[in-house]
Every structure is written in C-alpha cells, then in structure tokens.
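Taken in sequence, the protein lines are chains A and B. Number 644 marks the last residue of the first sequence (the numbering used here); no jumps. Number 1397 marks the last residue of the second sequence (the numbering used here); no jumps.
No lab work stands behind these hints, which were simulated from the structure alone. Incorrect hints may appear among the rest.
[Unchecked claim] Chain A is faced by these chain B residues, among others (derived, beta-carbon under 8 angstroms):
1) Tyr1339
2) Arg1343
3) Lys1372
4) Asn1373
5) Ser1374
6) Leu1378
[Stated by the list, open to error] If you want the ones that stay clear, here's a sample from chain B, every Cβ over 12 angstroms from chain A, calculated:
7) Leu1261
8) Lys1310
9) Arg1318
10) Asp1327
11) Arg1388
12) Val1391
Given the structure is predicted, the values throughout are model-derived calculations rather than measurements. The beta carbon of each residue, even a glycine, is placed where N, CA and C say it ideally should be.
Chain residues, written in single-letter form:
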Amino acid sequence: QRVLLLVASDVDALCACKILQALFQCDHVQYTLVPVSGWQELETAFLEHKDQFKYFVLINCGANVDLLEILQPEEDTFFFVCDSHRPINVVNVYNDTQIKLLVKQDDDLDVPAYDDIFRDDEDEEEDSENESDGSEPSEKRRRFEEDVIERTMKRRQRREWEARRREILFDYEQYEYHGTSSAMVMFDLAWIMSKDLNDMLWWAIVGLTDQWVQDKITQMKYVTDIGILQRHVSRHNHRNEDEENSLSIDCMRIAFEYDLRLALYQHWSLYESLCNTSYTSASLKLWSVQGQKRLLDFLADMGLPLKQVKQKFNSMDMSLKENLREMIEESANKFGMKDLRVQTFSIHFGFKNKFSASDIVYATASLMENIEKEGPETTNFIKALDSLSRGNLDKLHQGLDLAKKQLRAIQQTVASCICTNLVISQGPFLYCSLMEVRIFDVKLFSKPVSLCLLSKYLLKSFVCSTKNKRCKLLPLIMAAPMDVEQGTVIMVGIPPETESSDKKNFFGRAFEKAADSTSSRTLHNHFDMSIIELKTEDRSKFLDALISLLS
Amino acid sequence: SEAKAGRTDLIFLIRFRHCCLLRNQRCLLAYLYDRLLRIRALRWEYGSVLPNTVQFHMAAEEVEWFNRYKKSLATYMRSVGGEEGLDLTQDLKPPKSLYIEVRCLRDYGEFEIDDGTTVLKKDCDTTPLLKKNSQHFLPRWKCEQLIRQGVLEHVLS
Chain A
94 QRVLLLVASD VDALCACKIL QALFQCDHVQ YTLVPVSGWQ ELETAFLEHK
144 DQFKYFVLIN CGANVDLLEI LQPEEDTFFF VCDSHRPINV VNVYNDTQIK
194 LLVKQDDDLD VPAYDDIFRD DEDEEEDSEN ESDGSEPSEK RRRFEEDVIE
244 RTMKRRQRRE WEARRREILF DYEQYEYHGT SSAMVMFDLA WIMSKDLNDM
294 LWWAIVGLTD QWVQDKITQM KYVTDIGILQ RHVSRHNHRN EDEENSLSID
344 CMRIAFEYDL RLALYQHWSL YESLCNTSYT SASLKLWSVQ GQKRLLDFLA
394 DMGLPLKQVK QKFNSMDMSL KENLREMIEE SANKFGMKDL RVQTFSIHFG
444 FKNKFSASDI VYATASLMEN IEKEGPETTN FIKALDSLSR GNLDKLHQGL
494 DLAKKQLRAI QQTVASCICT NLVISQGPFL YCSLMEVRIF DVKLFSKPVS
544 LCLLSKYLLK SFVCSTKNKR CKLLPLIMAA PMDVEQGTVI MVGIPPETES
594 SDKKNFFGRA FEKAADSTSS RTLHNHFDMS IIELKTEDRS KFLDALISLL
644 S
Chain B
1241 SEAKAGRTDL IFLIRFRHCC LLRNQRCLLA YLYDRLLRIR ALRWEYGSVL
1291 PNTVQFHMAA EEVEWFNRYK KSLATYMRSV GGEEGLDLTQ DLKPPKSLYI
1341 EVRCLRDYGE FEIDDGTTVL KKDCDTTPLL KKNSQHFLPR WKCEQLIRQG
1391 VLEHVLS
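Pulled out of the complex, with its shape left as it was, chain B reads as follows (with noise of 0.2 angstroms):
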C-alpha cells in the first residue's frame, strides 16, 4: 500500500522482504514436499497399513495423500503381471531361497496376512503364535514385513 502511494524510496524495502517471503516459502514446500516423500517411503517400509504412532505424526491431508498413492500403486500393481497382479513392495532384494529361518524377538501373538489392498491371494493359513524367542521356518513372502518391523529376524546358520 505504501508501494502504491508513490514513495519510491522503500520500493527496495519491499523487495526485499518479498524475496524474503518467497524464500520462506520455497522453505516450506520444501519441507511439505520431503515429508511427502517419506511418506511415500513409508508405504514401501511399512506396508498399507501404517502403525498408530507414524500416523500421529501426520497431518489430515497427508493421510488423504497416503491413501490416494496406496490406491494408484493397487491400480498399478494389479495391472502388471496377468491376471493376479504382482506385488512389488515383496522381495526389494533378489532373496536367495524360498524360505528362511526366523526367529522372534518379541512377543508378537498369532496374527494373520493381511494384505490390505494388494491382490494377491496366496492360501493365508495363520502363522504360528509369535512368543519371544520362538524360533520357525517359514516361507519368505509371510516374514518379509514383520522382519522389517523387527519382531522378526533372520537367522543365518
């Protein structure tokens, strides 16, 4: 407003604080658009469903954000591959053989696959009760996640 009442002296005033104003909003994007990124990130670390306490930690849009990028990676993922589909966040590295051997670090209980909105639908019988220390063999695609999460780990003999 003083820019448009003619005092041409603070035109360099207002510059200035409006290349201030954009740099804090290059900042901001930034921030927002990183934080878009992990959370991408998340979808492949944790799976569709994310545990209570990363999700406190999100805004509202940014679950809304989540759940449209969980549905275009279902729509893309059922589109490779034939009929079933093929679920890419399996088998990040080439695994070595088909099942491994685990062994639980904590008390985890009984819990059944869930896949959420992949589609695949391989014969989920139950695994067996997680209790700490238990060890068992089990076929890779059922323990990648948890051995992620860490209540699982991978014992090499």
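Excised from the complex, chain A in its bound form (with noise of 0.2 angstroms):
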C-alpha cells in the first residue's frame, strides 16, 4: 500500500477521485480510498493510517488551512493535495518539501509574495550586542545610544512590516471561492500521461457540470471550461459522422449539446421540471397564483397541449420533441427568461440510455445526502462512487429517483419560504431560518450540499420576488436543524445573486470572527469555510455579533 486516497464528500472530488483510481490500476499503483467529510474525519484518518502510508493525496480538501500545522506529520510524508477551493493557504504554496499542490497552470491564484510574508528572524535579540571591553566611557556612550537608535528603528520596520503583512494576508484571504474542477485537472493529468479514456472525460465533465450546477464559478469561467473539454470530446467522438466506420450503438458516445437549462427533463415530465428548475421557478414566479397562470400561458404560446405536458418526457409525441428546445427558447425569451439553454454534453450507450451532464450531477448529489440511512456514513459515499460507473444503471436511477424528490421538497420549501415572508432582513444581510417551519422533509436539508442549493434557489426567487431594490443585492444566510438530539443547527452563508457576480464568499472569515467574539460553541467541520455548525442556544448571539461584524 503505498498511497493513502482522502476523497470530500462533493460530486467534483467523486469525479476526480474516479479518474485517478483509473491511472492508478492502469500503472498497479496500491491505494487504499478513505472518504472524508469534514475536518475531524480527515484528521481522524490521518492519524489511523500514518504508520503505515507515506504518500497521502487529498482531493477538494485541505488546500485552504495549513495542513503541517493541522495534521503534524512526519518529516518523511508527502502531500498532494488537488482542491478547487480557494484560496491556497500561503503556507501551502510555498512549501516545498512536504506539500505538492495540483493546479492548472493558467489558473489565477494572487499568491502574495514571499518577501511580503514571510521573513527570517533576524537580530530579534535585544542583547547580542556584545561589549567591547577597554574603550572610554563616551565612546562607550555614543556607542549605546547609537544602538538604541538603530534598534528602535528596526523595531518599527518590523511593526510596519507586520501591520503590511497582516493586511495582505487578510485581503488574500477574505473571501472564499472556487478554481477549476478537481476533475479536470486529473483529466488533464491523465491527458499528459496520454492515458485519457472517454470515460475520463466523461468524469471530468461531470466535475465541471457539478460546479456549476452548485453555482461555484462564473458563468465565463463555466463557458471557458466547456471549450476546452469540447476540443477533448470532439477528439474522442468523431467517428460517428462517418457511416462506414460508425461505432456500435452499446459504445459510449458523448455529445455536445446547447440543451435545455431543465432539471431531469428527459426523466420527468416536462411540467414537471419546468415547476422544479429554479430558473424558470423564479422567472415565473410559480409560487403565486398568477405565477400558475403564467406559465399555463407560457405553455400555450409554444402549443403543447398541457395532457402532452404532463406526461412522462419519452412518451410525448415525437412531433412536440422535435422542435422543442428552439420553440422552448423563442417563447422563454417572450417572458423575460433569456438562459433557458446552456452549453452542456450527454452520454449515448445503448439504446435507452441517454444522460446529460446536469442529470448525472443531481443524481449523485443526491445518493450522497441520502438521508435515509442503511449503514455507517460511508455506504452513502460508496454508492454514489458506484453509481458513476457505466455498468450500474441501478443505483443511477435510484438516484435520479432521490433527485426528483429532492428537487420537489426544494421548491415546495422555496414557496412556502417566500410566501410565508420567512426570509427577512437583517440589515447587511438576509436571514432564514428552518427551524420553526412546519416542512415534511426538513431532515434532508441537515445536509450541507443539499442546503446550500435550497438557499440559492430561495435566495434567486426572492430576488425575483422582492421589490425592495437594496435587498436584491444583499446576501443571504440560511439555517437549518441539523441534529435534533444534539441540539445543533447548520448555517450556510451565501453571496449575493447578481448578473455578474464572482461567486466570492467572505462568510468563512466572518463566522470565524462571530463565533470567537461570543464564544460561541461552533464547529468548522465542512471543508467549505462558509458552513458552519453551531448549538440552537447560540444561535441568536452570533446572528447579533455577525450583524455589527458586517454592517
């Protein structure tokens, strides 16, 4: 065993995880597969396996805390850690003995300067002025007093110094966000050694699709994303063109497709996805009556008949399909929903089996937060790494069961959220909170991934439905019960919804600063530093430290 694989609990890590175990059979490279959810679980395997493993690889986790610091391990023990969070913790980057960071090259870092921050301590002695015995007594004099001077003024360069440093560090670190997919970095890493398969780039697409879907990077870095990996397909998948040399129709193609922006639609009913696609569940605002009406109208303008509508997506008439996306788009564009498509891939093997990217991502999210447990934590992780493999189709469809019912009990919580007026203002921020609303399901938002997109879907329709104009661009906080026993809640921090947003996140830092000002019993446990877990008890005195904190 000669390498220890400590894998985060997100559908990215999965992707990558899955590349890298491919290169490491095709090589016979022994690993051994540990999934981490948290800190404590990473330290905890940590310490379990040290004795025996000196090559650790840690995906979408630890590249945003000193990991030397946190794990202190031996001299001999070597890191490589591929993570898209950012930003890289300065002592990570330019460490270069024990840590090995994988990032793509073009990727933006805004690493300060080593000079900036780091420095050899040099005569910090007050007292290493060594006397010279036998001169005068003035001379002497003069001497001391020269020495004082200069060692006042060096003390405040080192103040200076200090004070520079800290601002750099805090401007470096303030906020939060992503680089480029785990994923693709390993397919690339799989591309140098010429190793790449289809399946690879599959993987890597799901990363990137998973990425954006959670809202995690811009929508340029998103298109620029999708360019390169479709030079990588068309490279992959230019047979098909050809009649003679076609492939089988059991091999598996992937396609570049400007689909529809709809969850799950070739799974659903088109209805269906349209009510539970945030976009067009915002747009239209379908928690209102007239919201209701409006997309009745919204439907009539394309032609389809609501009964074909309402039916499951492979049994509506192949004169509706056929036209569907360009119809769907000219009609959208009528009601103020100008993305309804985007950029994407799917996958063909076989005759029945047709995925997009988006449909794989929600699936095994999904399977991941399940909620309804049959064993320890990890049969959840295992099945999700499962159900990415081609040949278990089952455990893919369960998960896209999952989807569908979470993306229902996400809407359904979204409109009572917004017509109950539970998302309030709380002057620099919005605030809402699960605890006290009545939701059948509100167990499956204790989960951070499952949590953080109720809040981007909610905080996208209160843009939508809100008039007040300051609010719009006011991020939003979102907490929810996680461990009624334990008496914990689970609070997400997200930006704030805007055309252009950067997606940057400085909720990490301010609930560090919150919880230390009131002492409030918190944990850090997720790699993302924007979720944090805390007792019900504290909850108010931290909203309260959070609000003079930012305002």
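Put the complex together from the two separate chains, hints included.
Put into structure tokens, the structure is as follows:
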C-alpha cells in the first residue's frame, strides 16, 4: 500500500477520484480509498493510517488551511493536494518539501509575494550587542545611544512590516471562491500521460457541471472550461459522422449539446421539470397564483397541450419533441427568461440510455446525501461512487428518483418560505431559518450540499419576488436544524445574486470572527468555510455578532 | 450364542440382523468418509487456520487428521516448483489481473498475511486497516483468502 486517497464528499471530488483510481489501476499503484466529509474525519483518518502510508493524496480538501500544522506529520510524509477551494493557504503554496499542489497552470492564484509574508528572524535579540572591553566611557555611551536608535528603527520597521503583512493576508484570505474543477485537473493529468479515455472525459465533464449546478464558478469560467472539454470531446468522439466506420450502438459516446436548462427533464415530465427548476420557477414566480397562470400561458404560447406536457418526457409526441428546444427558447425570451439554454454534454450508450451531465450531477449528489441511512455514512459515498460507473445503472436510476424528490422538496420549501415571508433582512444580509417551519422533509436539509442548493434557489426566487432594490443585492444566511437530539443547527452563507457575480464568499472569515467574539460553541467542520454548525442556543448571539461585524 | 447352541431355525434371523449391522456400519463409514472429504475441502477454502466455529464441530481425531493432511500438502507443495515451493491453494481460477480492487464488507482491523505452513515468503507488508466500506487496490494474492471468507468483496467497474 503506497498511497492513501482522502476524498471529500462532493460530486467533483468523486469524479476526480474515479479518474485517479483508473490511472492508478493502469499503473498498478496500490492505494486505499477513505472518504472524508469534514476536518475531523480527515484528522482521524490521517492518525489511523499515518504509520502505514507515506504518500497521501487529498482531493477537494486541505488547500485552504495550514496542513502541516493541523496534521503534524512526520518529515518524510508527502501530501499531494488537488483542491478547487481557493484561496490556497500561503504555507501550502510556499512549502516546497512536503506539500505538492496540483493546480492548472493558468489558474489565477494571486498569491502574495514570498517576501511580503515570510521573513527570517534576524537580529531579534536585544542583547546581542557585545560589549567590547576597555573602551572609554564616553565613546561607549555614544555607541550605546546609536545602538538604541538603531534598535528602535528596526522595531518600527518590523511593526510596519507586520501590519502590512496582516493587511495583505487579510485581503488574500477574505474571500472564498473556487478554482478549476479537480476532475478537470485530473483529466489533464491523464491527458499528459496519454492515458485519457472517453470514460475519464465524461467524469471530467460531470465534475465541471457539478461546479456549475452548485453555482461555484462564474459563467465565464464555465464557458471557457466547456470550450476546453469540447476539444477533447471532438477528439474522442468523432467517429459517428462517418457512416462506414460508425461505432456500435452499445459503445459510449459523448455529444456536445446546447440543451435546455431544465433539471432532469428527460427523465421526468416537462411540466414537472419546469416547476422544479429554480430558473424557471423563479422567473415565472411559480409560488403565486399568477405564476401558475403565467406557466400555463407559457405552455400555450409554445402550442404544447397540457396533457402532453404532463406525461413522461419519453412518451411525448415525436412531433412536439422535434423542435422543442428552439420553441422553448423563443417563448422563453418573450417571458423574460433569456438564458434557458446552456452549453453542456450528454452521454449515450445502448438504446435506452441517454443522460445529460446535469442529470448525473443531481443523481449522484442526492445519493451521497441520502438521509435514509442504511449503515455508516460511508455507505452513501460508496453508492454514489458506484453510480458513476456505467455498469451500475440501477443505482443511477435510484439516484434520479431521489433527485426528483429532493428538487420537489426544495421547490416546496422555497414556495412556503416566500409566501410566509420567512426571508427577513437583518441589515447587512438576509436571513432565513427553517427551525420553526413545518416542512415534511426538513431533515433533507441537514446536509450541507442540499442546504446550499436550497439557499441558492431561495435567494434567486427572493430576488425575483421582492420589490426592495436594496434587498436584491444582499447575501443570504440560511439556518436549518441539523441534529435534534444534540441541538445543533447548520448555517450556510451564500454571496449575493447578481448578474455578474464573481461568486466570492466572505462568510467563512465572518463566521470565524463572530464565533470567536461571542465564544459560541461552533464547529467549522466542512471544507467549505462558509458552512458552520453551532448549538441552537447560541444562534441569536452569533447572529447579533455577525450583524455588528458586517455593518 | 444361540447359533452355537445349534438352533438352526434362528439362522435367518441372525443373518438378517448381521446384514443390518453391516449396513449400519457402511452408512456410518460413508458418513465419516464424507466428513473427511469436507474437512479436506476446508483446507482449500479457509487456509491453514480454521475458524473456531468450524473446529468446534470437529472431533479430536478429525482435527488430527486435518493437521496431518495439512502437513502432507505442505510437503508436496514444497517439493513442487523449485526452491521456494508453489502455493497451490492460491489462484484456483486463472486470474485476469495482478491487482484487484476490493471493498471491505465489515470491520476487520489490521492483519498480517500469515500463510502458516506454506513456504511462500513474499514481503508481507501489513495490509491496510480494513474498516467497513473502505476500498483498496491490492495485489491479488493478498486478498484471495479474505474474499473467500467474505470480508472483502471484489469490485468490478
């Protein structure tokens, strides 16, 4: 056993893990795979395995903290970190022995210069001046005065340097954001080694789509990365055009599509998909009665009969499905939804199996956060990992069903929150709490990814529903009960929803500071710093501290 | 004794009983022989150390027979295949790959590969901590026994 893989619990990490596993199997590198969902599990896994392993690979975890300080490893252990979290901790960047970062070359890191942050401790000692013996008293006193002046100058310089350093570090670490998807970095690695396969390319696509679905990257970055992947797709999948040399229908093919932005619409009915996708639901304001009427108008505008639209998508009339995308885009433009189509990829294998990248993302994410626990936490991870292989279609279908349930629950929650005005403005941010709400499946939102998804959808819908111009630019903090017996609450902070948002999140640092100042019992367990767990009783003073901090 | 007394009319009864006894003896012998065959198969299935639940059900003579079978198998394996000997209980089906991916089905802890009486001296670095749902990529020979015991599961992707 040479390598220990520590993999975080999100879809991008799973995809990167699959690519890396395939590469390791190709090269016969022995490895052990341990899923980790937070800092505590990471430390436990490290302590358990540190005697047997010298090489650790961390996927989507570990870049944004000082690894050496937290894990205290031996001198000869090596860490390879492939993490899309930014900003990367400066210690990790400038450590050239034990920590190796896997980052794409053109990824903009903006790391402050070495000299601005680190500095060897020179002449700190106040008493290093050696007294030369046998000199005259007056000369000695003059020299002594000069020394004192020199020392105060040095101290002042040092204080200025430290103040500047604090400022630089504060600016650098203030905002959290995400870099290139780890799955894409791994695919790049495979490509450089000339061991890339169509399967790995698909996993890279799913990893990137996960970043887009969870709103972690800007639109521009998404489009750029799609362009990069498109070149690989055409390289691997160009054989279909030639009639003579076309592949068997069972072979896996990836195709570029300018597809609709409706979640899971090919595995659901078009009507359900329109109701449960945040983009359409927010733009049409489907939580209100007029919204429902607008939806019917929208469908009528396209000429789609209601009976057809409510059927399973595969059973819709072929004549309706033929120009569906263009028709919907035209009508959507009339109703104010300009971005209903998005560039993405889809995979084909066999006669029945066609999936779009976002379908897989939703399915895998809901498998991973499945609250119907059948065993330890890792069972869900393993199931989700399995569902990414093409041989495990039953798990994928189970994931799709769970995803449908999850999306419906999210929309219902969003609708009820907006109708009952649960989103209140606290000054510098908006706040919504699911603590007292009577929702059927509030346990679904005790997991971080689902809660983040809910918060983003809620913010989108709120921005569309409110008339207050100032509130449209505020970020949102969402609180949901996590564990009723232990009395903990999970809180998530997301950046404001604007057209050209750069998706930078300052809540990580803000949460830390507020927790310190109120000495609340908090746990910063997740790899995303903007997710925090705290005790229910400490909630109000924590919020007050946040308000005063951010105003 | 009654036959010795010369009562010829009881000969048939005695013969009949004798046949029954012989038949019972044959049945018992068949049963014991079948048990021996199964115990022999256990060596191939479980390796040289039998789990306690199985040993509990074996008589003392059977345990002795098992040990002697083990020794003779080991001697044979040592004599075949050159200097190191050849472990015939490995790779009962032709393997497709040198390394396989396995998943742990239940908590097992660490263990050192102990081949008991076989002569293979591969470098036995310890296998990793086997916790439920951990996945490993290991050489095939390390995993075979555990797969047979049901602790590990071969993952096909």
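Each hint tested on the structure:
With a cut of 8 angstroms, the hint placing Tyr1339 of chain B at the interface with chain A holds, because the nearest CB-to-CB distance is about 5 angstroms. This hint holds: Arg1343 of chain B has a C-beta 7 angstroms from the nearest C-beta of chain A, less than the 8 angstroms allowed. Hint status for Lys1372 of chain B: holds, given a least beta-carbon distance of 6 angstroms to chain A, under 8 angstroms. Because the closest C-beta pair between Asn1373 of chain B and chain A is about 4 angstroms apart, less than 8 angstroms, the hint holds.
For Ser1374 of chain B, the interface hint holds, the least distance from its beta-carbon to any beta-carbon of chain A being 6 angstroms, beneath 8 angstroms. The beta carbon of Leu1378 of chain B is positioned within 8 angstroms of a beta carbon in chain A (closest approach about 6 angstroms), and the interface hint is therefore held. Every beta carbon of chain A lies more than 12 angstroms from that of Leu1261 of chain B, the smallest distance being close to 57 angstroms; the non-interface claim holds. Non-interface call for Lys1310 of chain B relative to chain A: holds, since the shortest CB-CB distance, roughly 30 angstroms, exceeds 12 angstroms.
With 12 angstroms as the threshold on Cβ separation, the claim that Arg1318 of chain B sits away from chain A holds: the shortest Cβ distance comes to roughly 29 angstroms. Residue placement check: Asp1327 of chain B keeps its beta carbon more than 12 angstroms from all beta carbons of chain A (closest about 20 angstroms). Annotated as non-interface, Arg1388 of chain B keeps its C-beta farther than 12 angstroms from every C-beta of chain A; the closest such distance is 21 angstroms. In this structure Val1391 of chain B is separated from chain A by more than 12 angstroms, as the shortest Cβ-Cβ distance comes to about 15 angstroms.
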